[in-house]
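Peer 1: Next come the chains, spelled out residue by residue.
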Amino acid sequence: MNVYLLQVVNGVGIGMLYFLLAVGLSIIFGLLRFVNFAHGAFYLLGAYFCFQAIKWGLSFWLALILVPLIIGAAGWAIERIVLRRVYDKAHEFHILITVGLALIIQEAVILVWGPLGENVPPPDILQGIVMWGNFVYPKYRLFVIAFTAVFALLLWWLLEGTRLGSAVRAGSESTEMVSLLGINVMRIFGLTFGLGAATAALAGVLAAPIRGAEPFMGLEAIAIAFVIVVVGGMGSFSGALVGGLLIGIVQSLMSTLWPEGARLMIYVAMGAVLLLRPHGLLGRG
Amino acid sequence: MHTLKENYQLVLAFATVLAMPLFMQSGLLAAEVLIFAMAVLGCNLLLGFTGLLSFGQGIFFGMGSYALGIMLVKLNMPLILVLPLTILVGVVSAVFVGWFSIRQRSVYFVLLTLAFAQMFYFLAYTMTDLTGGDNGLLGVPRPPLSVFGIELLPLESSWQFYSFVATCFLLVFWFLQRITTSVFGRTLLAIRDNEIRAGAVGYDVRGFKLAVFAISGGVTALAGGLLAMMAGIAPLSSIEYHTSEMILVMTIIGGTSNLFASLLGAGFYVLSADWLSSIWPRWLLLLGVLLMLISLYMQQGLWGVLEKLWHAVHRRRRREPAISATESEQQS
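Just so you know, the sequences run in chain order U and D. All residue numbers for the first sequence refer to this note's numbering, where the first residue is 97 and numbers rise by one. All residue numbers for the second sequence refer to this note's numbering, where the first residue is 2 and numbers rise by one.
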């Protein structure tokens, strides 16, 4: 029984990281109406920037704050300079241009850091394990759960409680209507894309001490993020949270019950959700 | 003259198939071009003629590879029977994926096809008994094509195999050209241009989409099967997400306005990948740049570029208006 409890906690830990990965993708989709294939590349950059920062002797904590800001700014700039030019083109080019961007980033990472992975140590204070009676758990993973929970609350407040958030949510309903109300939609687009990139980078920084940094982690991550968005429902904050946790827990439990099929079960879970609710658990029809 | 104008793409494809042996040293590379061109045709049928952006073409490609491999390696079936069955496997898996996916539109459709691609990948990865898992299905033979023991075509040498692939390719090309110029194809264009209107006129939009998905799946599976024969292995990578992306990228590089553009896109991709990867292992960086440039400046793909050149040369020639679905509907 204890094993399963541990796996559920593990699943929550993985799931919170998945949530971070998927929420940016989901918000970008909701507002800008395209699938951002470069999302995994921002996650990848986050992990490598974290590695580089620690190599330079900067602290993990500084990286945790600075890296998402830098990559968020880069995402904002890319949206303004490049992506904005294709919005009036056919839909496949919105996707294709992000596929191109993802390829460029991935290959550039290999050029700079080489094709092999790098290890990133967790900060000293979070090394080791905590013990509560029978319950043993790595400190760093507990920190990730707590940190992402706080961050999720912040993000929720940003989307639900601020003017920017209302503009983003209203824009997901109808971009035209929002611009008719006198809000500069293009500005919101840029900020949203930057925010999405920053959350992906944050997920990358947090994941680096757990799984290291390697050039193809972006591809792997984005595949999972797509599933979560499909399961949770597109453009939905709570959908990303529920989807992320569900997929994390399913993956984690299955890795004890049937290790070879753990990844496959994620997709079976997705299929089941789609059969019952075609628009995802919390998506609107 | 009239028929030439109608069939000029088939003529162009035929000419390319004949010309390739004259200019290329490797028969297998030439065969690879045609194999991927076939898969790209299947993708073009969806994207260019129906407006469906499928990220799951690798599913059917990989299913084709495995189906052909399993039938040849484990069941020892004759090739003449294996080929249509491979197509059938593609059709069945496309109907399965399509049945779920086409209920959704635009971006949701893209995501669903992608998620299914991952699902089939892990399915293949998990079922090691059938697929060989990570190692791939090894030892796929290249038996001669024979009917009732009469050998029609040996496939031993690379150019013999090329001629076999070329025959398959031209048959598929001809078949797809017949389809796209038929009433069925015109209906697809109507769905592409305005789905809601097509539905309102009374067409069964979902039925048409499912049918075209099935055709595309069959064609793509045949391509996947032929690649397994060529390489002697049905690798796990043939069902990977990467294959889906590659087929889609080739389709868009070539252009989606007509069928010959698919051959152009596949040829460009396969040949430049073959050339570039030997000089610079990070050539995908260049591909990324090319994709961004295409998205920004040349949405018609290579075909569009050639067309512009053609018109620049024959400036006096009046440009013929493209036949759109609405026009042909008005005519009938």
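Hints are computed from structural coordinates only; laboratory data are not their basis. Note that the coordinates shown come from a computational prediction; the quantities given were computed from them, not determined experimentally. Here a beta-carbon is modelled for each residue, glycine too, at the ideal position from N, C-alpha and C. Be a bit skeptical, because a hint or two may be false.
Computed spacing ranges between beta-carbons, pair by pair [said to hold, decoys possible]:
id, chain 1, residue 1, chain 2, residue 2, range
1, D, 310, U, 186, 38 to 44 Å
2, U, 181, D, 283, 21 to 27 Å
3, D, 26, U, 169, 47 to 53 Å
Interface residues of chain U toward chain D, partial, derived using beta-carbon atoms under 10 Å [unchecked claim]:
id, residue
4, 125
5, 129
6, 153
7, 165
8, 166
9, 181
10, 187
11, 190
12, 191
13, 201
14, 202
15, 330
16, 338
17, 366
Take a look, some chain U residues computed to stay more than 10 Å from chain D by CB distance [said to hold, decoys possible]:
id, residue
18, 182
19, 186
20, 196
21, 209
22, 221
23, 230
24, 243
25, 245
26, 271
27, 351
28, 362
29, 367
30, 377
Peer 1: It remains to establish, for every hint, whether it holds in the given structure.
Peer 2: Hint by hint, here is what the structure shows:
For the hinted restraint 38 to 44 Å between residue 310 of chain D and residue 186 of chain U, the CB-CB distance of approximately 22 Å leaves it violated. At about 26 Å, the CB distance of residue 181 of chain U to residue 283 of chain D agrees with the hint of 21 to 27 Å. About 50 Å separates the C-beta atoms of residue 26 of chain D and residue 169 of chain U, a value consistent with the hinted range of 47 to 53 Å. Restraint check, residue 125 of chain U versus chain D: the minimum CB separation of about 6 Å is within 10 Å; hint holds.
Taking 10 Å as the C-beta contact cut-off toward chain D, the hint placing residue 129 of chain U at the interface holds, the least distance being around 6 Å. Look at residue 153 of chain U: its Cβ only gets to about 29 Å from chain D, farther than 10 Å, so that hint breaks. Below 10 Å, beta-carbon pairs count as interface contacts, and residue 165 of chain U has none with chain D, the closest being about 25 Å; its hint is therefore violated. Look at residue 166 of chain U: its Cβ only gets to about 21 Å from chain D, farther than 10 Å, so that hint breaks.
Because the smallest distance between the Cβ of residue 181 of chain U and any Cβ of chain D comes to about 6 Å, under 10 Å, the interface hint for this residue holds. For residue 187 of chain U, the suggested interface contact is upheld, since its CB lies about 6 Å from the closest CB of chain D, less than 10 Å. With its C-beta approaching chain D no nearer than about 8 Å, residue 190 of chain U sits inside the 10 Å limit, and its interface hint holds. Checking residue 191 of chain U against chain D: minimum C-beta separation of about 7 Å stays under 10 Å; hint holds.
Taken as an interface hint, residue 201 of chain U checks out: its beta carbon lies about 8 Å from the nearest beta carbon of chain D, inside 10 Å. Because the smallest distance between the Cβ of residue 202 of chain U and any Cβ of chain D comes to about 8 Å, under 10 Å, the interface hint for this residue holds. The interface hint given for residue 330 of chain U is met, as the beta carbon of that residue sits about 7 Å from the closest beta carbon of chain D, less than 10 Å. Violation of the interface hint for residue 338 of chain U is found here, the shortest Cβ-Cβ separation to chain D being roughly 17 Å, above the 10 Å cut-off.
Interface restraint check: residue 366 of chain U against chain D, minimum CB-CB distance 6 Å, threshold 10 Å, status holds. For residue 182 of chain U, the condition that its CB be more than 10 Å from all CB atoms of chain D is violated, with the nearest at approximately 5 Å. In this structure residue 186 of chain U is not separated from chain D by more than 10 Å, as the shortest Cβ-Cβ distance comes to only about 6 Å. A beta-carbon of chain D comes within 10 Å of the beta-carbon of residue 196 of chain U; the shortest separation is about 3 Å.
Residue-level check passed: residue 209 of chain U sits 12 Å from the nearest beta carbon of chain D, beyond 10 Å. No Cβ of chain D approaches the Cβ of residue 221 of chain U within 10 Å, the least distance being about 37 Å, so the stated non-interface status holds. The claim that residue 230 of chain U is not at the interface with chain D holds, since no C-beta of that chain comes within 10 Å of its own (minimum 33 Å). Its beta-carbon lying about 28 Å from the closest one in chain D, residue 243 of chain U satisfies the requirement of being farther than 10 Å from that chain.
Distance check on residue 245 of chain U: its Cβ is at least 27 Å (rounded) from any Cβ of chain D, clearing the 10 Å threshold; non-interface status holds. Once the 10 Å rule is applied to beta carbons, residue 271 of chain U is consistent with being away from chain D; the minimum gap is 14 Å. Non-interface status of residue 351 of chain U relative to chain D is upheld: no Cβ of that chain comes within 10 Å, the nearest being about 13 Å off. The non-interface label for residue 362 of chain U is inconsistent with chain D: the shortest C-beta to C-beta separation is roughly 8 Å, within 10 Å.
Under the 10 Å C-beta cut-off, the non-interface status given to residue 367 of chain U relative to chain D is violated; the minimum distance is some 7 Å. With a least CB separation of 14 Å from chain D, residue 377 of chain U remains clear of the 10 Å interface cut-off, as annotated.
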